[in-house]
Structures are given as C-alpha cells and as structure tokens.
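Protein sequence lines, in the order shown, are assigned to chains A and B. Mapping of the first sequence onto the UniProt record's numbering: position 160 corresponds to residue 160, and the numbering continues sequentially without gaps. Mapping of the second sequence onto the UniProt record's numbering: position 58 corresponds to residue 58, and the numbering continues sequentially without gaps.
It should be emphasised that the hints constitute simulated quantities derived from the structure, not laboratory data. Source: prediction; values computed, not measured. Where is the CB? At the ideal position from N, CA and C, for every residue including glycine. Any given hint might turn out to be false.
With a Cα cut of at most 20 Å, we get these calculated PhoX-like pairs of lysine-lysine [to be verified]: (1) A:94 <-> B:107; (2) B:107 <-> A:106; (3) A:65 <-> B:94; (4) A:107 <-> B:56; (5) A:55 <-> B:106.
Okay, the calculated bits of chain B under chain A, using three or more residues with CB under 8 Å as the criterion [to be verified]: (6) 16 to 22; (7) 35 to 41.
2 protein chains.
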Amino acid sequence: MSKDGKLLLLDFWASPFCARVKIALEEKGQKYEQSEENLFGGKSELLLKSNPIHKKVPVIFHNGKPILESSIIVEYIDETWPSPPLLPSCPYEKAQAKFWADYIDKKVFEVGGNIWRNTSGEVQEEAVKEFIEILKQLEEALGDKDFFGGKAFGYVDILAIPLTSWFLAFEKFGGFKVEDHVPKFSAWIKRCLQRETVSKVYPDPEKVYEFVGNFRKMNGIE
Amino acid sequence: MSKDGKLLLLDFWASPFCARVKIALEEKGQKYEQSEENLFGGKSELLLKSNPIHKKVPVIFHNGKPILESSIIVEYIDETWPSPPLLPSCPYEKAQAKFWADYIDKKVFEVGGNIWRNTSGEVQEEAVKEFIEILKQLEEALGDKDFFGGKAFGYVDILAIPLTSWFLAFEKFGGFKVEDHVPKFSAWIKRCLQRETVSKVYPDPEKVYEFVGNFRKMNGIE
C-alpha cells in the first residue's frame, strides 16, 4: 500500500484513544483529515460500516482502507512511516513497551471510569485507591527516565498521555489529587504536554470534566 | 540479545496461553525447557519475581530475561527467529491480524468462562448465546481460507487454537455443540490439530473438562 495516500480519521474530540492516533500522526509529520463523530446523536454510516464489531472511534482510513483499535493504529503508523521511531527496534525492549501498553489499556480508563460512574461512596473510594495503585505502578515503570522508553518520547507515552486529559474529572468526582500521590508521574505529564505534537491535540481537561458531568446527569448518576 | 541463549518457560499444562508460546516455539524449531507451575499449591518464587504485576503464566526467559503476556511473547518469538514468519510483513495485514488477536483475547476465554463459572440457568444461557455469536464472527473472519492469514498457519491461528482445548468443557457445562453452529470454524480446528506443532502441546480436552469440573467443585459451583 502506498505510504502517500490520503489519511482520514473518524474522530471524537474527548476520546483519548483518538488523541493517541493524532499524536502519532503529528510525531510523524503526517497530514490527515478528520471527521468528527456524533457519538450520542447517531454514529456515521462510515463508522458503522468500517468497524461493525466494536462500532467505536478511532478508525483511520489510509488509501481508503480502515485500520482499527488505537494501539494497533499507532503501531501501523510507526511501521508505515518509520521516522522518528516510536517503538524500540530491539525485540526485548519492544516486548517491554507492549507489556506496559497492555497494562495501561486494561487498567487506567476502566478503573478511572469506576470513579466517575459510581455514586456509592464505598465503591468509589475503592476505585480511587485502585487507581492510585495503578499510577504508582506506572511511576515505578517510568523510574527516573524522561519518558517510558528512555530519553525519547515514544509508543508508551503516546498511549498513556491522552488518558491523563480525563484525570481532572477523575480527581473532581473522586475527591483526590493525582499529584499528591505520584509526583514523578505528574512531572512526566507536564513534560509530555510541553511537546507541540501533544498539546495541539490534547483534549481540554476542563471541557472533559464538563462532558463527564453532563454524561453523569444524562445517566442519572448524581 | 543473542538468539541462541537458553529458553525457559514457566508453564501450566491446561493453560491455553502457555500452549500459544509452545506452538510458536515448535513452529520456529526452538528447543526450550519447561518448569511446571503449581497454580493452586503456591506459585514459584521465580514466577512471582518475574511477573509481580499479574503473577500469571506464561513467562518465558530468554537468556535469563523475562518476557510476559502470551500474545506479546509470540510476537517476540516471531521477531527473534523470523523463519517461518507468523505475522504478515505488510503493515496493513499485520494490523488486521492484530485486530483479530485482540478480539479473541478480549472475548473467547472470558465469555467461555461465563458458561462454566455460572450456575444460574439464565446467565449461562446468555453466555452460550454470546459465545456462539463470537465464534460466528471468527468464522466470518476466517471465510473460505485455510487459516486466518490465508494459506499459511500463523499468528492468529496460534493465539486462537489453544483456546479450543477448553471448548469440550464449555459444551458439556453449557449444553451445546460448537460444531452445530460453526461448521467452517470447526473444520479449521481439525485442520490446525493436524499440525504436529499443535497436537504435540494441545491440552487434552477431556483432562481440561475434568480440571474445570474439579475447579467448579472446589469453588462450590454445582
């Protein structure tokens, strides 16, 4: 498939998974078109047809062919436009990056959701505790490095950083402050946000908080 | 890291996730040592130390370094010993293979577990229905091809086939027959089992059924 074909992203502004794809494309200097989905008012025919199984954004079309699942799309982008590299070339280091990517995918957004989706104080308290433990694990994996892979911003950073745009909502609904528990991880967030490729597409945490609040109201969670 | 170093697998006979690693190593003609874990009588120090987050098999040590998570391990094996290839080299085809691998990982074993872990007839019936729908999706993805990737046995086949060693248990506890619903998928199972690399390490379905039955008794599910 030609590298030079048209790129179209089925997007949603608050989706951290869409932001992953946008950051990866920005890092590679690739231009793309966006089509904003209305996830509540009815999904587009194109989304339903291209992702019939999950019916979820992001979907990216490259030369008209759909690619699905944000972590898979980021890897596709990395393989199609190799410079600058996002994943390490060494199989062992790559396996380590994939391990953390998988951990982030299984844990962060799901446990974060348990914070804002619940009204029961006890369940929420448990979720906040679990969420902080997850961040501590990530802080340990980060260690004293600038980024998860070392000196260079890469794959794990790209998968993780957009999720942090939802942290303000988690904090406000859960009554805690991320920074109080994981100072090094918080410094990593700030470091990532200094990159234009990130800040340009990072969902506004205040707007995400408002969005989550409206979603709670719509679903009778108050 | 040298390709030629020692390989040690922390294994468990009934684990389809361990079988994935064994099939991949057999396909590549790589010799490995196995250390059987006693998952009920206490996990080994080596397992707890090498996989402190999930504390799960399989773990494979290559030259003493641990690699975790079965789908990541299979990819590591494919990159370290490229012949015969398991994943397609074309980024688009690779992304498609990864999509199905992800679908299988999220759905098959979890929904299968809802069949044998439940005593409520209604929940179980729902799980059986969902399980058959998942297999129909996979059958559609397989189409008229011999294997998921086409003519050659590869990555998606390696991730999927070991899970089918648990199907007899799902069928007996759920009161259904996989073959009645997905004849082409069932033919694919038989086709895979004709490969020595698979049959050699495939958990015995009768023993798995017995194992699941004992597990149910131990946990008061009857």
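We went through each hint and held it up to the structure:
1. Simply put, residue 94 (chain A) and residue 107 (chain B) have alpha-carbon atoms about 25 Å apart, too far for the 20 Å limit, and the pair is violated.
2. For the suggested pair residue 107 (chain B) and residue 106 (chain A), the alpha carbons sit about 14 Å apart, so the restraint of at most 20 Å is met.
3. With a CA separation close to 13 Å, the supplied pair residue 65 (chain A) and residue 94 (chain B) stays within the 20 Å bound.
4. Of the supplied pair hints, the one linking residue 107 (chain A) and residue 56 (chain B) holds, its CA atoms being roughly 16 Å apart against a limit of 20 Å.
5. Annotation: proposed proximity of residue 55 (chain A) to residue 106 (chain B) holds, straight-line Cα distance about 15 Å (limit 20 Å).
6. Counting residues of the segment 16 to 22 of chain B whose C-beta lies closer than 8 Å to any C-beta of chain A gives 0; at least three are required, and the coverage claim is violated.
7. Coverage of the segment 35 to 41 of chain B by chain A is violated. Counting CB-CB distances below 8 Å, 0 residues qualify, and the rule asks for three or more.
Comparing the model with each earlier hint shows violations of hints 1, 6, 7; every other hint is respected.
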